[in-house]
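Protein chains in written order, with full-length UniProt numbering: chain S, 1 to 339; chain B, 1 to 339.
Keep in mind the hints are simulated off the structure, nothing from the lab. Some hints here could point you the wrong way.
Chain copies aren't distinguished; within one or between two, either way the pair holds.
Straight line, CA to CA, 30 Å or less: simulated DSSO-like cross-link-like pairs of lysine-lysine [what the hints assert, rightly or not]:
1. K271 to K64
2. K334 to K159
3. K58 to K294
4. K301 to K198
5. K275 to K318
6. K50 to K190
7. K50 to K309
8. K84 to K64
Protein chains: 2
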Amino acid sequence: MQKKTYQFTAKKVDYYFDADFSYLARLIDKEHTVLVTDENIFQAQAKKFKGWHTIVLKPGEQHKVQATANSVIEQLIARGADRKTVLVGIGGGVITDLTGYVAAVYMRGLRVGFVPTTVLAMVDASIGGKNGIDVGVYKNLVGTIRQPDFLLYDYSFLKSLPETEWINGFAEIIKHSCIKDAPLFRELEKNKLKYYQKDKAALGKLIRRNAVIKSTVVEKDEFEQGERRLLNFGHTLGHAIENMYALSHGQAISIGMVAACSISAQLVKFKDSEKVIKVLAQYGLPVHTDFDRKKAFDILKMDKKREKKEMNYVLLEKIGKGVVKSIPMVQLEKIISNL
Amino acid sequence: MQKKTYQFTAKKVDYYFDADFSYLARLIDKEHTVLVTDENIFQAQAKKFKGWHTIVLKPGEQHKVQATANSVIEQLIARGADRKTVLVGIGGGVITDLTGYVAAVYMRGLRVGFVPTTVLAMVDASIGGKNGIDVGVYKNLVGTIRQPDFLLYDYSFLKSLPETEWINGFAEIIKHSCIKDAPLFRELEKNKLKYYQKDKAALGKLIRRNAVIKSTVVEKDEFEQGERRLLNFGHTLGHAIENMYALSHGQAISIGMVAACSISAQLVKFKDSEKVIKVLAQYGLPVHTDFDRKKAFDILKMDKKREKKEMNYVLLEKIGKGVVKSIPMVQLEKIISNL
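Just chain S, with the same shape it has in the complex (with noise of 0.2 Å):
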């Protein structure tokens, strides 16, 4: 086990990388813990589970809304949850978030700790404090930004994930490649998907890679007044569509980045659109274009990056080189109507 610990705004956080979730009872009191899954998770890891109190969720993005929240808050009161009570959340980007955002509310806040259970909860969703429930088909929409006090990596969650939800995870580390490490892009165009399944050691090695991404960034910008917004690259119209055609996450910004490319083409000169999309394609994900451009605009105007009349755009200027630009929403409304 290697801990590592990042300091943010108003906390410091516990990475235990390649860690064996049985050390969680060392971090936490486990009479005063209350554990968060779905029952995936919780059929396929039963053994993990014994001894814990455990709220056991329906899987799936069409649970990540207040009503689940209501329903687990519920939970917390009936076991008698107090203050003291520290929530960890255990499972993929929807349980985190959500977990997350029940704490975040709970009593005013409890502590909490994530445990994920998938190659993007590892790289991405469990790390930076950004918590949140979907409303309608806007994601993320209702949420704070309140960092967890630990992680927990434990890589034998990942011998029961589906090839899908792998090919999701690749999606956010080929973002992290194309705007902050051009080396990790060239790693990647030479590797497959069936490489880091196969190579426990050269996995940890790309998830910890990509955890000390975007935990530095987040580091330098907990409340994406700049850096942060970096994150975001293929996200603004990957979320306008992820929900509209029920994709999977890395589906829908896999999409959005390249869209992103072909807009960084037209406004900042970007010339690497075809290795970006050669990538992507190269570990499962979907490059294609075609979607309701008018309904997904109509969604896209209510991103939270869009600040009145403007849209915040990651795009690329090379790889390994992300840059946001202002985009008037009329001007974006026409790039996007053409793509």
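Fit chain B to the supplied structure of chain S, relying on the hints for placement.
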């Protein structure tokens, strides 16, 4: 108008005392602001709202629930509210708590200001950043601590304030005097509600003095690790019986203060219970303690101030000096059943 600024952990808050509502237009941009108020205020003060985007809610504590927050969120979406939108809660504690809560979670946080329109909101509820909603019988079980950007005090709202609401507010004023300000307690002993209702200058001074007491306590201890707990005097039992008997907040904490005086006499030799009871009665507040002990204790067990097997209870050593005592729940159960 007098401006005063308090510096809290993450934010400074501007207080505009003795201001006119119209000053709001100089603080914020009308086009990107949404006011939140209730039907009573909206009808009584229709002129003030002209030209402002306004969300009007049903009045009353029974609407301080997640369903109302959901409805506000949906109306914000429908109005295209984005991260640059400012919310302003105009009302009593129900409105400022709910508006503060929605502002804390909508798009992970909007700027928010309050225009308290009741004595209680002016001296207490709108100050200190605590926001939230009730869940079933549990008051403020869900919420956050997040400071508003500004508070604007326009005493003209008090002209239409019902007598019961005046009494409500004086419960918190008496509370402040008990825990922090013996000279204020003596001033209150000498006067009656009518005096403050008739003398605008005396009222303005009283409200400001109380706003300062609360703000100073919160400034020292925003996240309630010590000093801020004193503000819960009368509130532990008060919250338990408030929804149980559909009492007003002032009535509930008045009974809670009487009980806390009695516990103070038992545990820290407080000698002036009679004086406190006399002042409460003098301002029209109930001082009996006939309530269902068992049921009240069952609700009280879920109070946010409980920590595992102990409750942080606020007692009085003398008038003007509150103290926090950790009382084991088993002992507290006995004390309450014998009140």
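Checklist entry - Which hints, by number, does the structure contradict? => result Those not satisfied are hints 1, 2, 3, 4 and 6.
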